[in-house]
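2 protein chains.
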Amino acid sequence: MAKIVKSLKDLDVPFNFHYPAGATIVTSRANNRDNAMAVAWHTALSRDPAFYAVSISPKRFTHSMIAETGEFVVNFMPVEQGELVALVAGCSGRDVDKLSAFQIAAHPGSQVKAPVLEKAFAAYECRVTERHTYGDHDLFVGEIMAVQFEPSLFQEGGRLDMERIAPIVYMGGDWYASPGKETYYLDRKGLMDAVLGKPAQPASP
Amino acid sequence: MAKIVKSLKDLDVPFNFHYPAGATIVTSRANNRDNAMAVAWHTALSRDPAFYAVSISPKRFTHSMIAETGEFVVNFMPVEQGELVALVAGCSGRDVDKLSAFQIAAHPGSQVKAPVLEKAFAAYECRVTERHTYGDHDLFVGEIMAVQFEPSLFQEGGRLDMERIAPIVYMGGDWYASPGKETYYLDRKGLMDAVLGKPAQPASP
Numbered sequence: 036m037a038k039i040v041k042s043l044k045d046l047d048v049p050f051n052f053h054y055p056a057g058a059t060i061v062t063s064r065a066n067n068r069d070n071a072m073a074v075a076w077h078t079a080l081s082r083d084p085a086f087y088a089v090s091i092s093p094k095r096f097t098h099s100m101i102a103e104t105g106e107f108v109v110n111f112m113p114v115e116q117g118e119l120v121a122l123v124a125g126c127s128g129r130d131v132d133k134l135s136a137f138q139i140a141a142h143p144g145s146q147v148k149a150p151v152l153e154k155a156f157a158a159y160e161c162r163v164t165e166r167h168t169y170g171d172h173d174l175f176v177g178e179i180m181a182v183q184f185e186p187s188l189f190q191e192g193g194r195l196d197m198e199r200i201a202p203i204v205y206m207g208g209d210w211y212a213s214p215g216k217e218t219y220y221l222d223r224k225g226l227m228d229a230v231l232g233k234p235a236q237p238a239s240p
Numbered sequence: 036m037a038k039i040v041k042s043l044k045d046l047d048v049p050f051n052f053h054y055p056a057g058a059t060i061v062t063s064r065a066n067n068r069d070n071a072m073a074v075a076w077h078t079a080l081s082r083d084p085a086f087y088a089v090s091i092s093p094k095r096f097t098h099s100m101i102a103e104t105g106e107f108v109v110n111f112m113p114v115e116q117g118e119l120v121a122l123v124a125g126c127s128g129r130d131v132d133k134l135s136a137f138q139i140a141a142h143p144g145s146q147v148k149a150p151v152l153e154k155a156f157a158a159y160e161c162r163v164t165e166r167h168t169y170g171d172h173d174l175f176v177g178e179i180m181a182v183q184f185e186p187s188l189f190q191e192g193g194r195l196d197m198e199r200i201a202p203i204v205y206m207g208g209d210w211y212a213s214p215g216k217e218t219y220y221l222d223r224k225g226l227m228d229a230v231l232g233k234p235a236q237p238a239s240p
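The listed protein sequences correspond, in order, to chains H and R. Throughout the first sequence, residue numbering follows the numbering used here, covering 36 to 240 in sequence. Throughout the second sequence, residue numbering follows the numbering used here, covering 36 to 240 in sequence.
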C-alpha cells in the first residue's frame with residue numbers, strides 16, 4: 036500500500052476504509068414516538084450471553100431515545116429496501132416522524148417497546164446494559180432479549196439464503212452494495228491440512 | 036418475520052443473523068512473534084479522534100498478544116485473499132506461526148509493531164486505549180494511529196473502486212461473499228424531497 040496517513044485530519048478522503056458494513060436500521064421508541072436511524076457502526080460482542088452494540092453520536096435523536104428508554108432494535112435489511120435505508124439516513128426524527136412519513140410497516144418488539152420492521156430479514160431486540168463514550172460517539176451495549184427472523188431464509192449452519200435474499204451493505208457516502216447471489220465456501224480444515232501437510236488443530240471457538 | 040426466539044440457547048441455527056460483515060485479519064506482534072486472526076466482530080467507534088474496535092475471545096492467542104502489547108492492526112482484505120482468510124481462521128497462533136506457514140507478506144506498522152499485510156487494500160494501525168469485557172468476549176478499543184491504504188483504489192468521497200477491488204465479507208461458518216462490482220447510488224436528499232414534498236433538513240453528521 037502506497038500511502039500512510041497518521042491523522043484523519045490529514046486525509047483527503049473520508050473515513051470509509053472499513054466498509055462494507057451491514058446497512059442496518061436501528062429503531063427506538065420513547066414518549067409514544069417511534070424512530071428509525073441508519074447505522075453502519077455496529078458489531079456483535081458476545082455469544083453467551085448474547086450482546087450486540089451500536090455506536091451513535093450524541094447529536095442524534097435516536098441517541099436521546101435510547102438513553103431514555105434503554106432499549107433499541109437492530110433491523111437487518113435487504114437491498115430491495117435500499118431507498119428506505121437512504122430515506123431513514125437522510126433526516127432526523129426531530130424533524131420527521133419517519134415511520135409515518137415513509138410508511139414503514141413495523142410492530143412492537145416482543146421484549147422491548149422499540150419497533151421491529153416488517154421488511155427486515157432478521158432483528159435483534161436489545162436492552163442496554165452499558166454505555167461508553169469513545170471519542171465523538173457513544174457505544175450502546177445491548178443484551179439481545181430476542182431474535183426475530185424468517186426461518187425459511189436461513190439455511191443449515193445459519194447461512195442466509197442469498198438465492199432468496201440479498202442483504203444491503205453500506206460503502207460510505209450515499210453508496211450501497213450487496214453480495215448478491217454468489218457465495219464462496221472455503222474449506223478451512225481442508226486448506227489447513229493441505230498447506231501444513233498434517234491435520235490442523237482448530238482455533239478455539 | 037415468522038419466528039421469535041428469546042434465548043440464543045433455544046436457537047437451532049447459529050448466531051449469524053447480523054452477517055455480512057467485513058472479513059478482516061487482525062494482526063499483532065509480541066515477543067518477536069507476529070500473529071494473525073480472522074475477525075468479523077469489529078466496528079468503527081469514532082471519527083475525531085478516530086477509534087476502531089475489535090471483539091476477541093480471551094481464549095484466543097491474539098487476545099493475549101494485544102493485552103500484552105496494547106497494539107493491533109485491522110487489515111481489510113479483498114475476496115481474492117479468501118483462502119488466506121480461511122487459513123488464518125482455521126488455526127491458532129499457539130500451534131502455527133501463521134505468517135511463516137502461509138507465506139503472508141507483511142511489513143511492520145508505521146506507528147505500531149504489529150504487521151500490516153501487503154495484500155490488504157487498507158489497514159488501521161491501532162493502540163489500545165480501553166478494554167471492556169462484554170459477555171464472553173473482550174472489546175479492545177483502539178485509537179487509530181495511522182491509516183494505510185492504496186490511494187488509487189479509493190474514489191472521490193472515499194468510495195472503494197469496486198471495478199478494481201472486491202472486498203471480502205463473512206457470512207458465518209465457512210461461507211464468504213463479496214459485493215462484486217455492482218454498487219447503488221441512493222440520492223438521499225432527492226428521495227427525501229420527493230417523499231416529503233419539501234426540501235428536507237439533513238440529519239446531524
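Be a bit skeptical, because a hint or two may be false.
All copies of an identical chain are treated as equivalent in the list; a pair is satisfied when it fits inside any one copy or across any two copies.
Stated by the list, open to error - With a cut-off of at most 27 Å between alpha-carbon atoms, the simulated BS3-like pairs for lysine-lysine come out as follows:
#, residue 1, residue 2
1, Lys-154, Lys-216
2, Lys-224, Lys-154
3, Lys-94, Lys-233
4, Lys-44, Lys-216
5, Lys-154, Lys-41
6, Lys-38, Lys-148
7, Lys-41, Lys-233
8, Lys-44, Lys-154
Worth flagging that the hints you see were computed from the coordinates, not collected in a lab.
Results for each hint:
1. Lys-154 to Lys-216: both (19 Å within a copy, 25 Å between copies)
2. Lys-224 to Lys-154: between (37 Å within a copy, 22 Å between copies)
3. Lys-94 to Lys-233: Result: close only across copies, 23 Å inter versus 54 Å intra.
4. Lys-44 to Lys-216: This pair counts as neither: shortest intra-copy Cα distance 38 Å, inter-copy 30 Å.
5. Lys-154 to Lys-41: between (41 Å within a copy, 20 Å between copies)
6. Lys-38 to Lys-148: For Lys-38 and Lys-148, the Cα distance is within 27 Å only across copies (18 Å; inside one copy 47 Å).
7. Lys-41 to Lys-233: neither (42 Å within a copy, 42 Å between copies)
8. Lys-44 to Lys-154: Intra 38 Å, inter 25 Å, cutoff 27 Å: inter-copy only.
Hints 4 and 7 from the earlier list are contradicted by this structure; the remaining hints agree with it.
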